[in-house]
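Please put together the full structure from these sequences, using the hints given.
Numbering (numbering that gives the first Met the number 0), first residue to last: 0 to 485.
For the record, the hints were derived by calculation from the structure and aren't laboratory data. Hints may contain errors.
[Stated by the list, open to error] Computed beta-carbon distance windows for the label pairs:
{"hint": "1", "residue 1": "R280", "residue 2": "T71", "range": "53 to 59 angstroms"}
{"hint": "2", "residue 1": "A441", "residue 2": "I277", "range": "20 to 26 angstroms"}
{"hint": "3", "residue 1": "E330", "residue 2": "E172", "range": "19 to 25 angstroms"}
{"hint": "4", "residue 1": "H431", "residue 2": "D75", "range": "20 to 26 angstroms"}
{"hint": "5", "residue 1": "L477", "residue 2": "G406", "range": "46 to 52 angstroms"}
{"hint": "6", "residue 1": "E200", "residue 2": "D164", "range": "39 to 45 angstroms"}
{"hint": "7", "residue 1": "P101", "residue 2": "T51", "range": "22 to 28 angstroms"}
{"hint": "8", "residue 1": "L477", "residue 2": "R337", "range": "21 to 27 angstroms"}
{"hint": "9", "residue 1": "I221", "residue 2": "R417", "range": "21 to 27 angstroms"}
Think of the CB as a built atom: it goes at the ideal place given N, C-alpha and C, for glycine as much as any other residue.
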Amino acid sequence: MPPLLFPAINTQEREWLSRLKKARRIRRVGPRLYASLPEAKVAGAARGSWATIVARLYPETLVSHRTAFEFTPTADGEIWLTSSTNRVVSYPGLELRFVRGPGPLADDPRFLTIRSSSRSRAFLENLATTRPSSRTRAVPIGDLEQRLVQILDLEGEQALNELRDRAREIAGELDWRREYRRLDGLIGALLGTRTGHLTSEIGLARAAGEPFDPACLERLQILFGELRSRPLPVLTDASNTPDHVRNKAFFESYFSNYIEGTTFEIEEAEQIIFDRNIPARRPKDAHDILGTFRLVSDPSEMRTTPRDFDQLLQLLASRHRTLMAERAETEPGTFKDRPNRAGDTYFVEPGYVRGTLRKGMALYLDLPPGLARAIFVMFLVSDVHPFVDGNGRIARIMMNAELVSAGRPTIIVPTVYRDDYLQALRALTRRHRPDPLIAALATAQRFSNLDFTSYPQVLQELQRRNWFREPDEARILLEPLQGAAR
Numbered sequence: 000m001p002p003l004l005f006p007a008i009n010t011q012e013r014e015w016l017s018r019l020k021k022a023r024r025i026r027r028v029g030p031r032l033y034a035s036l037p038e039a040k041v042a043g044a045a046r047g048s049w050a051t052i053v054a055r056l057y058p059e060t061l062v063s064h065r066t067a068f069e070f071t072p073t074a075d076g077e078i079w080l081t082s083s084t085n086r087v088v089s090y091p092g093l094e095l096r097f098v099r100g101p102g103p104l105a106d107d108p109r110f111l112t113i114r115s116s117s118r119s120r121a122f123l124e125n126l127a128t129t130r131p132s133s134r135t136r137a138v139p140i141g142d143l144e145q146r147l148v149q150i151l152d153l154e155g156e157q158a159l160n161e162l163r164d165r166a167r168e169i170a171g172e173l174d175w176r177r178e179y180r181r182l183d184g185l186i187g188a189l190l191g192t193r194t195g196h197l198t199s200e201i202g203l204a205r206a207a208g209e210p211f212d213p214a215c216l217e218r219l220q221i222l223f224g225e226l227r228s229r230p231l232p233v234l235t236d237a238s239n240t241p242d243h244v245r246n247k248a249f250f251e252s253y254f255s256n257y258i259e260g261t262t263f264e265i266e267e268a269e270q271i272i273f274d275r276n277i278p279a280r281r282p283k284d285a286h287d288i289l290g291t292f293r294l295v296s297d298p299s300e301m302r303t304t305p306r307d308f309d310q311l312l313q314l315l316a317s318r319h320r321t322l323m324a325e326r327a328e329t330e331p332g333t334f335k336d337r338p339n340r341a342g343d344t345y346f347v348e349p350g351y352v353r354g355t356l357r358k359g360m361a362l363y364l365d366l367p368p369g370l371a372r373a374i375f376v377m378f379l380v381s382d383v384h385p386f387v388d389g390n391g392r393i394a395r396i397m398m399n400a401e402l403v404s405a406g407r408p409t410i411i412v413p414t415v416y417r418d419d420y421l422q423a424l425r426a427l428t429r430r431h432r433p434d435p436l437i438a439a440l441a442t443a444q445r446f447s448n449l450d451f452t453s454y455p456q457v458l459q460e461l462q463r464r465n466w467f468r469e470p471d472e473a474r475i476l477l478e479p480l481q482g483a484a485r
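Structure below.
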C-alpha cells in the first residue's frame, strides 16, 4: 500500500479508499491527503513527497521564490508557491505557503506535472522580499550572490548577461522594476561594470577578481577550529645526524610516491636515489622519486615555510617544478587550467584556486608552528589540488617542511597505512569530520619517529613493522620489537 494516498479519481478508487478508512488502515493527515504509515513516520514521508503532493493536489500553482532554487522544504518544512490567493496549507512536517502572484510565463520550465519559476524569474522573486515577516520566502542575499558567481565562473559572462536580459523583460511584463534594479546592480558589480552593494564574502572576492570555493573554505574552517582547540603531541626527533636525515628522506620519497601509484621495489629505489641509476624503461617514474628526494633531503629547503600568501604561491610552484621536472605534460610549477578529480571527489575549480589558497593561508597563519600547521597545510593543498598532478606529494612535502622548521619529527605514510590516511582525508572532505585526520597524522608522526641513521638496521625494522605490506594484508605495528632499532 502506498504510504500517502490522494483523493479518488474514479468509482473503483473511491470504494477502495472507503474500505481502507472503515478498516482504519488509513487516516486523514491533512486536506485531501491520507496516510497508511504510523504517525511517527508521516512527517518524513510528507516532506520527501512534497513535489508529488503539490502536483496532485495543487496542479495550477507555480513552484517559486526560494523553493525554485532549492527544490526542498526549508528547515521549518516550508514550500513556497505562487497562486491566485494567499494562504497556508499544513500537513505533518510540511507547510505549503501560497503567495498571490502572476501565473507561469512561457519560459517557466516543467517540473513533474507543474511548473517552476525560470532562473531569471526566481532571482527577481528572491529579491522582492523586504519585510521581516516574509523573509523566509527568499534565500539570503549572500546565497543569491554566490549563485551569480557560480553562473559567471562555470557558464561565463554571456550566461550572466542573458539571465539579466531575460530578467529585464520579465520585470517589464510583471512590473518588477525595483527587483530588477537590485539584480542589475549585483550583476554589474560582479562584472566590474558598475559600483554595486555586494555583501557576501564570495561576491566581494569575485568582484575583486579572486573568487574562492566556499565548500572548501568551510572544511578548512572546521579543521582550523579543531586544531586551535585541542592539544597535540609534541615529539622530539629521534636523531638529527646527516645519515638519519638522508635515510629518512629516502624512505619518505619512496613511500610518498608508492602510495600515489609510482611503485618500485625497494632495491630499485635504492639504485635510483643513491646510485642515480635511472631505469631506461621508466625514466619519468624514477625522476618522480628522485625529485621528491631532492626536496625532502635538502635541510635548507625543508626549513622554509610560507610567511605570507605570495611566498606560499612561490613555494608551491618551485617545489612542484622540482618534483615534476620530467613530466612536461603536467605543466610543472603552473596551477591547473582544467578541473581535476579523484574517483567521485571533485576538487576546487581552476578559477577558485588562488582565492581559496589565500583564504586558507589566513587561517594557517593563526595556527601555532609545528604539527597544527603541518596538518592544516597538508589538507589545504590536498583539498584545493592546485596542480594537474603531484598534489598529494606536494601536500606531504609542505607538511613535513612545517615539522622540520619547528624541529619536530617528520611524517611518513607507509604502504600499509595508505588506507588509514586516505579514509581520514575522506572523513573531512565528505563528512566534515576532522578528528580522524588529526588522529591519523599524529599516529603516523609517532610511528615515523625512528632513528634512521643505520640504513640496514632501520630497513629491517620497517619490514618487521609491516611498512611494505599492502593494507589488506597486514596492519602496521606501532611499537618496536625487542632488539629493533630505536
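These are the hints, each one checked on the structure:
Between R280 and T71 the Cβ separation comes to about 54 angstroms, which falls inside the hinted range of 53 to 59 angstroms. Our hint of 20 to 26 angstroms for A441 and I277 is violated, since their Cβ atoms are close to 36 angstroms apart. Taking the beta carbon of each, E330 and E172 are about 49 angstroms apart, not inside 19 to 25 angstroms as hinted. At roughly 23 angstroms, the beta carbons of H431 and D75 sit within the given window of 20 to 26 angstroms.
Checked against the hint of 46 to 52 angstroms, the C-beta distance between L477 and G406 comes to roughly 23 angstroms, which is inconsistent with it. Checked against the hint of 39 to 45 angstroms, the C-beta distance between E200 and D164 comes to roughly 28 angstroms, which is inconsistent with it. A C-beta distance of roughly 25 angstroms is found between P101 and T51, which places it inside the suggested range of 22 to 28 angstroms. The hint said 21 to 27 angstroms for the Cβ distance between L477 and R337, and at roughly 41 angstroms that hint is violated.
Judged by the Cβ atoms, the range 21 to 27 angstroms given for I221 and R417 holds: they are separated by roughly 24 angstroms.
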